[in-house]
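**Student:** Each chain, written out:
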Amino acid sequence: MIALHQLNRGLMIALILICALWLAIPFTYAVLWSLVDPAEPWTPDNLLPPVMSFYRWEFAWQNSLLQPALLNSYTLAPTAAVMTLILATPTAFALGRYDFPGKETAKLVALLPLVVPGFVTAIFFTSLLYQLGLAQYRFFAILLAHCILFLPFAIRILTVSFEQVRQDHIDAARDLGAHPFARFQVAYWPALKPGVMATLLIVFIQSIEEFAIAYIVGQPGFVTVPTLLYSSLGQDFNRPNAAVLSLILLVPNVILMLILERFLKSANPALASGKG
Amino acid sequence: MRLGRTATILLLLTPGIGLIVFFIGAVIYIAIAQSFGYYNLLGESGYSLEFWETLTGRKAYARSVRYSLYVGFWSAILSVALAYPLALWLRKPFTGSLTVSAILKAPLLVHGIVAAFLFLNVISFHGILNQFMVWTGIFDEPRRLQNDDNAIGLLFLQVWKNMPFALLLLTGAVQAISDDVLHAAQDLGAGAWARFRKVIAPLSVSAMQAALIIIFIGALADFTFQTTIGPTNRQSLAQYMTFFKERGRWNDAAVVGVTLMALSLVGAIVLAAAARLIFRGRLR
Amino acid sequence: MPAISIIDVVMRFDRFTAVDHVSLDVEEGEFVTLLGPSGCGKTTLLKLVSGFLQPTEGRIEIEGRNVTGVPPEARNTAMCFQSYALFPHLTVAENIAFGLRQKRLPAAERRDRLADVTGQVDLGDHLPKLPNQLSGGQQQRVALGRALAVRPYVILFDEPLSNLDAKLREQVRYEIRKITRDFGLTAIYVTHDQSEALAMSDRIFVMNGGRLEQSGAPEEIYRHPRTRFVADFIGSANVLDAEVVGEIGPNLWQVTTALGPLAVSSETGPAARRIPVAWRPETARDGAAAHNTVEAVVRHRSFQGHFTDLIVDAGTTTQRLQLPRSAAREGAQITFSIAPEDIAFLEPDA
Chain A
1 MIALHQLNRG LMIALILICA LWLAIPFTYA VLWSLVDPAE PWTPDNLLPP VMSFYRWEFA
61 WQNSLLQPAL LNSYTLAPTA AVMTLILATP TAFALGRYDF PGKETAKLVA LLPLVVPGFV
121 TAIFFTSLLY QLGLAQYRFF AILLAHCILF LPFAIRILTV SFEQVRQDHI DAARDLGAHP
181 FARFQVAYWP ALKPGVMATL LIVFIQSIEE FAIAYIVGQP GFVTVPTLLY SSLGQDFNRP
241 NAAVLSLILL VPNVILMLIL ERFLKSANPA LASGKG
Chain R
1 MRLGRTATIL LLLTPGIGLI VFFIGAVIYI AIAQSFGYYN LLGESGYSLE FWETLTGRKA
61 YARSVRYSLY VGFWSAILSV ALAYPLALWL RKPFTGSLTV SAILKAPLLV HGIVAAFLFL
121 NVISFHGILN QFMVWTGIFD EPRRLQNDDN AIGLLFLQVW KNMPFALLLL TGAVQAISDD
181 VLHAAQDLGA GAWARFRKVI APLSVSAMQA ALIIIFIGAL ADFTFQTTIG PTNRQSLAQY
241 MTFFKERGRW NDAAVVGVTL MALSLVGAIV LAAAARLIFR GRLR
Chain U
1 MPAISIIDVV MRFDRFTAVD HVSLDVEEGE FVTLLGPSGC GKTTLLKLVS GFLQPTEGRI
61 EIEGRNVTGV PPEARNTAMC FQSYALFPHL TVAENIAFGL RQKRLPAAER RDRLADVTGQ
121 VDLGDHLPKL PNQLSGGQQQ RVALGRALAV RPYVILFDEP LSNLDAKLRE QVRYEIRKIT
181 RDFGLTAIYV THDQSEALAM SDRIFVMNGG RLEQSGAPEE IYRHPRTRFV ADFIGSANVL
241 DAEVVGEIGP NLWQVTTALG PLAVSSETGP AARRIPVAWR PETARDGAAA HNTVEAVVRH
301 RSFQGHFTDL IVDAGTTTQR LQLPRSAARE GAQITFSIAP EDIAFLEPDA
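Residue numbers (this note's numbering), protein chains in the order written: chain A, 1 to 276; chain R, 1 to 284; chain U, 1 to 350.
Hints are computed from structural coordinates only; laboratory data are not their basis.
No experiment lies behind these values; they were computed from the predicted model shown.
It is possible that some hints are incorrect.
[To be verified] Pairwise CB distance ranges, derived in the manner of DEER restraints:
| # | chain 1 | residue 1 | chain 2 | residue 2 | range |
| --- | --- | --- | --- | --- | --- |
| 1 | U | 124 | A | 261 | 47 to 55 Å |
| 2 | U | 16 | A | 261 | 47 to 55 Å |
| 3 | U | 29 | A | 103 | 53 to 61 Å |
[To be verified] Once the Cα atoms are required to be at most 20 Å apart in a straight line, the calculated SDA-like pairs of lysine to any residue come out as:
| # | chain 1 | residue 1 | chain 2 | residue 2 |
| --- | --- | --- | --- | --- |
| 4 | R | 105 | A | 107 |
| 5 | A | 193 | A | 259 |
| 6 | R | 105 | A | 20 |
| 7 | A | 103 | R | 15 |
| 8 | R | 105 | A | 8 |
| 9 | R | 105 | R | 125 |
| 10 | R | 105 | A | 193 |
| 11 | R | 92 | U | 281 |
| 12 | A | 107 | R | 11 |
| 13 | R | 92 | U | 14 |
| 14 | R | 105 | A | 78 |
| 15 | U | 167 | U | 304 |
| 16 | R | 105 | A | 111 |
| 17 | R | 92 | A | 11 |
| 18 | A | 107 | R | 206 |
| 19 | R | 105 | A | 18 |
| 20 | A | 103 | R | 14 |
| 21 | R | 105 | A | 137 |
| 22 | A | 193 | A | 181 |
| 23 | A | 107 | R | 86 |
| 24 | R | 105 | A | 181 |
| 25 | A | 107 | R | 210 |
| 26 | R | 105 | A | 258 |
| 27 | U | 129 | U | 177 |
| 28 | A | 103 | R | 39 |
| 29 | A | 193 | A | 18 |
| 30 | R | 105 | R | 86 |
| 31 | U | 167 | U | 203 |
In this text, a Cβ means the ideal position worked out from N, Cα and C, and glycines have one as well.
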């Protein structure tokens, strides 16, 4: 018993150490790089950047495509979240509250968008848009693709929520003479609420992070934060700028994910993360 | 009445699953049709095996298939192999286990491109890894570690990003195995390895399959890691496909795209079947 | 040499002491029961014997060998779990043969033993099925068969019948007892069901709060409970606080209780002046007798078939008695008596 306890302690210290290296060092680097002042470059003989300032942050804000990228990302994501929720709800209701032949197959089919590789979807969706002559409506095209791509998450989570609505609660409400709206309020909503919140958050995060569709369909000219970061890692690789963009992409998501974790715990422990 | 019910259910399924089937169906259809010469944006359309014949005859195509399979296979295997011991360790809560699990799962929150950037910083020519190696005397001088030819860096990053996902699935599956069942195995003479091989792995094989499949498909079709930190002398299938698309060669892109889908499907089935055969000894 | 010796074993979890200085021996071929309420430490003791737990203090010997520190897989014990703990991914045959594979027995011998065991536990038709295709009783038999197949020196049962319905439980009791007897197995059986313990055991160890309260043959435990706890836990005896007045005859003692003055027959005599005494509800006799005649008012009556359960007010207390044929209604006055040999002195309270 004692030996096992000590082993665990040792393992844990080793693990926390490794993970500090695993997470802390890369992130410290990113923060430091984002603070490098262009007045003096950060050369390898210095442990810290010689001059630090928020110049890169200001520069990125004023001169790069960051503003349109942020605008695009943060309009796209909430719209996609709400639309996906609306599209998924009837299906989830059917899957969660009815029994019908082929239900399991339907649940599997709903996972299709996750199985087809993202770049295949992106490229041939673009091709489809060209065929239909709709290629110039980039925003709506990306919005539609995001909705469909993230429908599997929404359907999955909401189906579980609808399954958790208890028939005896509905019956009790009816028995006590509740009108449809009151029934919804008392029997459905408490079971659905965590699922609805989780769906909105997951689709939001997924949409903010999505790269393949935004990159392929958005070309040329339509930028989101990930595609901007990607291009800053490409031909004109500029480490401090990339550091700024990385942090902009990272920080809000970490916060949202932490909120999400709380909702998912109350909704369904099996779906503890929507990432895949 | 029955007809009405069926109609209601179909109506309810239309905006969700109906949309998915329509959209993904259209995408797959276009990809397949274009690979056989239909739906050309420029020039004539019509059935033709030309694109398949010329492309599959090319060395670059075969290399790219081999390379993507290599990345997909090893990313999936290494991530799962690394996640298993950790999942077993975290099966029972102990002081600090929540912290450990949070640290281990943190890469889930980091976007792939951000991860690639962080990794670039660490392994760059003047990065901390090189400096450390020179300081300890293992390297005589900084080495170029970026975009290494064997895709070691790429595999490392794939595992960094995907292991937490495998861990998430496996932890759930391993925690669902009751103590009594493990005790019973031990009581009947099964040592640690036999317990893993005969009880834990067979009982968590579904989660293992899910992790293998999802990681395999993701890594097989990888574009961002490959173009940022992957070897410069190799092309992944997604990269190859994008290359054709950017030159307007839709039919060639379609051939690669269909290949990619077929490999995803076949690879997923092979991995899932292999996992089941190895650990359950039967397919059903 | 005893088959199993538990020597002054203590098991602590953080601050909680689950097993508190317990010592006991089990003879070869004996069927013993650890009986007690939940949380009394009986399952912990079983886990110590099987090796899933290592004692904080003391040691355990099996076949005269100190097994402290030996892991479960290396001990010659086999356990039947309360949850059955069948491997859900293996067929009945594979479940039963699991331990044999771990021992790397040759295939021919595995087949023979499988055939033997399936005959014993009557599972012939179910070998290719998976556990979830079986009923509870059948699953129980697979668990038993799996444990028997390894031919253990000691077989351990952790409340194996608690998930079965009442009727099946009685039948499986006999089966378990018959099989352990046929195989000449040494068995430790953990239960909180006193009727199970009384019906099956060669010897019962009653546990409470991590300590051993009393051990002995079922009849002895039943007839001569030594402590207030044992008297109450087994057959829910009436326990009264008594004050000894004096010896009134050969092995006959006069005491005063809330029920009134009583004569108690005892060979050893009371250990203290203030001492609890106990008598069992079914020993009450209808009508007056030479000793211990009590007048009582029936407060509550429930007909049980072969007897009638009565809760009565007598003296300044309430007692329970069971009479074979009583027509007394609630509120009626009755007379009953208790023979002095049916009342026992318990150990004085600490």
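**Student:** Check the hint pairing residue 105/R with residue 78/A against an upper bound of 20 Å on the C-alpha distance.
**Tutor:** Given pair residue 105/R, residue 78/A is violated - Cα atoms ~26 Å apart, limit 20 Å.
**Student:** Between residue 193/A and residue 18/A, does the CA-CA distance stay at or below 20 Å?
**Tutor:** violated (39 Å)
**Student:** Would the pair residue 107/A and residue 206/R pass a check requiring their Cα atoms to be no farther apart than 20 Å?
**Tutor:** With Cα atoms ~17 Å apart, residue 107/A and residue 206/R stay inside 20 Å; holds.
**Student:** Under the criterion that the straight-line Cα-Cα distance not exceed 20 Å, is the pair residue 105/R, residue 181/A satisfied?
**Tutor:** With Cα atoms ~41 Å apart, residue 105/R and residue 181/A exceed 20 Å; violated.
**Student:** Does the alpha-carbon distance linking residue 92/R and residue 281/U stay inside the 20 Å limit?
**Tutor:** Cα-Cα ~48 Å, so violated.
**Student:** Keeping to a limit of 20 Å between CA atoms, is the pair of residue 105/R and residue 258/A held or broken?
**Tutor:** Roughly 12 Å between the alpha carbons, so the hint for residue 105/R and residue 258/A holds.
**Student:** Holds or violated: residue 105/R and residue 86/R, Cα atoms, limit 20 Å.
**Tutor:** Holds. Residue 105/R to residue 86/R sits at ~11 Å (cutoff 20 Å).
**Student:** Hinted pair, alpha-carbon criterion (20 Å max): residue 107/A, residue 210/R. Please report holds or violated.
**Tutor:** Holds. Residue 107/A to residue 210/R sits at ~15 Å (cutoff 20 Å).
**Student:** Does the alpha-carbon distance linking residue 107/A and residue 86/R stay inside the 20 Å limit?
**Tutor:** violated (31 Å)
**Student:** Taking 47 to 55 Å as the stated bounds, is the beta-carbon spacing between residue 16/U and residue 261/A within them?
**Tutor:** About 33 Å separates the Cβ atoms of residue 16/U and residue 261/A, which means 47 to 55 Å is violated.
**Student:** Given the hint that residue 105/R pairs with residue 125/R, test it: the Cα-Cα distance must not exceed 20 Å.
**Tutor:** violated (29 Å)
**Student:** Sort out whether residue 11/A lies within 20 Å of residue 92/R, counting only the CA atoms.
**Tutor:** holds (15 Å)
Hint compliance for this structure: hints 2, 4, 9, 10, 11, 14, 16, 21, 23, 24, 27, 28, 29, 31 are not met, and every other hint is.
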